[in-house]
Amino acid sequence: MNKKIGVYVCECGPNIPERIDIDKVIEELSSMGEVKTVKRYSLLCSNDGKKFLKEDIEKEELTHVVVAACSPKEHENTFMKVCEEAGMNPYLFQMVNIREQCAWMIPDKEEATSKAIKYIKAGVHRVLFHDPLKQKELEINVDVLVIGGGISGIEASLSLAGPNRKIHLVEKTDSLGGMAGKLSQILPHQGSKIKLVKEKIEQVENNENIHVYTSSDVKEVRGFLGNFEAVVKSNQENKEGIEEEIKVGAVVLATGFEMFDLKENPVYGYGEIENVVSALEFEEMIHSEKIELKNGKKPKSVALVHCAGRKEKGYCSKVCCLYTLKFAHYLKDNLPDVDVKELYMDLCLPHKQDQSYFDQAKEKGVEFIRMDEVEKIKKSGDKIEVEYRNNDKADKVSVDMVVIAPAMVPSQDTSHLAELLNLPLDKSGFFKELHEMLDPVATPMEGVYITGCALGPRNIPESMTQSHATSGKILSSLIPGRKVKPEVKVSEIKEDLCTGCQTCLSVCFYGAISYDPFKGVSVVNEAICRGCGSCVGSCPSGAIRSKHFTYYQLYQEVMEALR
Amino acid sequence: MKNQNVLVIGSGVAGMEASLILADAGMKVHLVEKDSLIGGQTIKFEEVYPNMECATCMLAPKQQEVLQHENITLYLLSQVKKTEGSAGEFKVQIEKKARYVSLINCIGCGACYDPCPVSLDNEFEQGMSQKKAIAVACPGALPNVPAIDADNCLRLNGKKKGCNACEQACGFGAIDFTEKDETINLEVGAIIVATGFDQFDVSGLAQFGYGKHPNVYTAMEFERLYAQNGPTEGKLTLREERPIKSAGIIHCIGRKEKGYCSGVCCMYSMKFAHFIKDKAPEAEIHEFHTDLCIPGKSHQRFYEELSKKIDFIRYEDVEVKGNNGNLEIIYTHSNGKRDSIKSDMVILSPAMIPSKGTKDLAKVLGISQDSMGFFSTQDQNLSPIDSEKEGIFIIGCAEGPKDIPDSVSQAEAAAGRILSLLQ
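Chain order of the listed sequences is A and B.
For the first sequence, the working numbering begins at 51 and goes up steadily by one.
For the second sequence, the working numbering begins at 40 and goes up steadily by one.
Chain A on its own, in the form it takes in the complex (with noise of 0.2 Å):
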């Protein structure tokens, strides 16, 4: 193909004109080979510059485009979809920055102009360089593979079913329900005696586009954004053992949590001790109206100890203060004589309902008591002493029984399905969000998103919050009928180069890298690259090119602007 380069410099009004002599970078431009044709425009980006250069680029039949005027990140998009709607590759374009790296850098308008014309002669050797790559687009899956059936894997699978989106909602156990399903009432405050977990459950096993798969784990999910194939097998009595492949668009990981084990720290005396007993199983208590001690009595008096494993696991699980006040409520009101004593370090009441549900536990008579840690719970006599620590100062309180909140901690399959899906987990042992503040839902994995307590401890309300969440990006990427388009400028492997080492493997964020064992070389999959280049650094026989960043394409940048 004869190469013909049309070079555009924008004056930006009087910003580039005032520091930089276009008349002398036409001239200079001009006589390098390639060019074809080099103009000035008063402002390329607005809708007379726009239109302008389609036209001129159609008039001069150019098949490379440089233009020189602002950053990049100002205009570069529109330029290049300027140049493909005048018939060109996008790809054939390069941008060069004359606006905030020469005019608006340097004083002297001789030594701005000099460097301009260098920076435009490095540009049009780049784009001489370029390849023509082209934009791919591939056919989706839009139905979706659920993991885990706990509240948050059962609202996303209500809010993602619909009539052209099958789910596969997969649970381990042999019911829905989770952790949630556990619990003998939800927060007053948040909406009480609702049967919330049970009403959602009829509603999922009414739905008939969500299939469920109870007792059984996921084996293998393979793929990417819009195809992906996964493996569950199921554990059923009857069904024991076998598999079914399915075909998904997107993979919502609702995995949820377990609780600290509290006997790994002897302090507490769980397990040892009768009457001390973990926050689960005073909600049992509570489900089945039964508050009592061993020996049938109801307790006279009760200690609700906070923050157990919080030292330990090394963060607040935001959710215990909350659900102990609850406790303490529920004591008041059942057991009217009852002495409460809630030993706390920080109350963590940070919803704006919160504080008036605390106030309203004091009023009842629940004593709030803050302590630094505890030191030991123990037996003595017929009472149990709680001894703990405050400001230095050692003190106890004697009670007929103690209720422990655990902090919550990831489940076991946390760290399983992360090593299969090649997903990060964060210093908890939580999954990582993609980016903790904007992207609380996604991961490195486009199309595997996460949502409730496998992210980190949180409350009902915000794990169905999440699920919607993760319905929402889901919904918005993945469209019946719609194709989606991968990243163009990818990495690319020369398998002759290649020695099979996979540095590659282990710097690649996105898991878009694989080994193929019979070639004995890494393989990128174009599909899940992102292009960050990370590959192309890492590889020690520079095997790996990144499209658009290639070596020899910057080689000659940096060379025609040094020369």
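Since the hints were made in silico from the structure, they are not lab data.
Among the hints, erroneous ones may be present.
Unchecked claim - Lysine-lysine pairs mimicking DSS-like chemistry, simulated, CA-CA at most 25 Å apart:
#1 A:Lys446 - B:Lys376
#2 A:Lys131 - B:Lys101
#3 A:Lys533 - B:Lys67
We have chain A already, so just place chain B on it with the hints.
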């Protein structure tokens, strides 16, 4: 819901996220913002906890996406004045104030600022710096196009007829004094309210000496003081430009008065200590706190790291007094001991309260406010983002105090709810 148009009110981090997800799904989004720029409160922060990421850098790509998205129509300097109808068929009236600067022609070069003869307190900078009657709120504001303050522009308020200093300076013909306020009527299927929060006014609490002693700052003032694009370009100094040798940061200002914990102040107060240590490593810093509310999974580690470097004091009560130009923090420790500390600077961390226009907007939308003044939601368990009216969703701090990730989650959830209904 047949109408595939959605109205989003407020262009902070929550409003932007909801708009982008819906727009990506092919919905037509009408995004209404009362200010001349987008980004809300988050863009005022230099860095956000716990990873100390630059908030402006973090949000800039989102802001650009909002500005360029073909399915998002942005109405700046605009407010919703009327709504009628119900889910699926809301009729909405928007009042859009004139900007007097063309968003199409202006390239944001800033040549018009200097010639303008009027200087004003810059509200975006909490009044800590001046701006001209034609200005952007801060460097890096998006869209990077100034607006003319019609109340203060000499030509528009009639004080100096024919002043055209900015018009003269503009090389792009972007100034248009003839632009008129507009009334826009829309029909939308759903409404998302993302009007954010304001800071509790601390000037009513005399014990903290705000307004009386110049070196008592509010949290938002301190955020701007630390910001590279703020009034001091990030130089941390006292008002009289003395370096900071000691600072006291007081948590829970207004908690008692408002009756709730704002959930984020402990962390941002600790972030402030980290900021000061960063720029004045020798400074002595005291955090005066009550209960530490640090529920994020990585927040406690941040606290543990910081507590090696600075003093945490659990207080029962606290007040700030002036003492010959210096400040004295007098407090009762949780162990009952009364004590005091001298400090160059005091930063007050006030409660988050509903944003100013909440009451009016609630009326316009026909929905109610809760006892704390935030928009009411139906049921905290089943639908924490549903207002009492079908088709109207409340997200982010308009629903109650929360951090950025929770706001983003709610935004994505509102989009999810709407898209799910349309399936």
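Now the hints, each set against the structure:
no.: 1; hint: A:Lys446 - B:Lys376; verdict: holds, 22 Å
no.: 2; hint: A:Lys131 - B:Lys101; verdict: holds, 20 Å
no.: 3; hint: A:Lys533 - B:Lys67; verdict: holds, 20 Å
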